[in-house]
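J.: From first to last, the protein sequence lines stand for chains A and B. Just so you know, this note's numbering puts the end of the first sequence at 195, numbered straight through with nothing missing. Just so you know, this note's numbering puts the end of the second sequence at 1054, numbered straight through with nothing missing.
Hints are supplied without guarantee of correctness; some may be wrong.
Below 25 Å or equal to it, Euclidean Cα-Cα: the simulated DSS-like pairs (lysine-lysine) are [as the list claims (entries may be wrong)]:
no., chain 1, residue 1, chain 2, residue 2
1, A, Lys17, A, Lys55
2, A, Lys53, A, Lys19
3, A, Lys170, B, Lys1006
4, B, Lys1007, A, Lys170
5, A, Lys55, A, Lys19
6, A, Lys8, A, Lys55
No wet-lab data here; the hints were simulated from the structure.
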Amino acid sequence: MERVDFIKELAAELSYKTKPREIHQLIDYYDEMIEDLIEEGLSEAEAVARLGKPKDLVKALHTEEEIVVEIPRRFHPFLYVLLILGFPLWGSLLLAAILLMLSVLLVLWCGPFTTGILGITGVLSGIASVVLSPLLITDGLFLLFSQLGVGLFLFGFGLLCLLATYRMSKLFSGLSMACILWPRQLLTNYRKKVI
Amino acid sequence: MITINKKFLVSVSLAFMFLGLIVGFVGFAMSGFSVQSYQLDERHWYQLVNFYTE
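Using the sequences plus the hints, can you model the full thing?
T.: Here it is as structure tokens:
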């Protein structure tokens, strides 16, 4: 099917179910997509075939189903040469970006690490202080009460720190995953177009 | 599955801290607010609380 036939058929299919203003926007969008595919080296018929039948597209539009079209990227040999020659520049920049991302993650996780260590030591020393405090009764009642008080305080403080660690870890794990997956998503979206 | 309310845990932690402060203050008051009284001649392994004095 040729480009003009595709657009005509699409317009006819859309006219049954879509508002006239939206028809114009959709036709422009699909026309632009065909142009993109032709620019990538596909013939007009191949580009139209890649999009699918107009009837299916309209059906998918009304069911809100996503159609993903893979756009092939053809690399020129000159680009490979440029990539190899430019490695000292883009390689060091890439390394700097990776190290920057790693340092951001490291700084981000310093908070939960600190509260986690404080929490564990607080809870353990609190339990030890409370459990061992009765042994101090022979040395003086004030020592017993002091140690018991400090133990209870440390236990509460440790528990609070552990709760903070849990909350922060939950928040930061999402952020870290986003940091790690972001370059991959960028690369995938570069090669796909969602209709 | 047992679910523990996080707000409840925060309140419990704060209650422990508050109780600890009161009991600790009572102990310090019983010593006559004297830091020196915590310095025993023979310190036992189970005495975990002390004051550092030069």
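J.: Please flag the earlier hints that this structure goes against, numbers listed from lowest up.
T.: none
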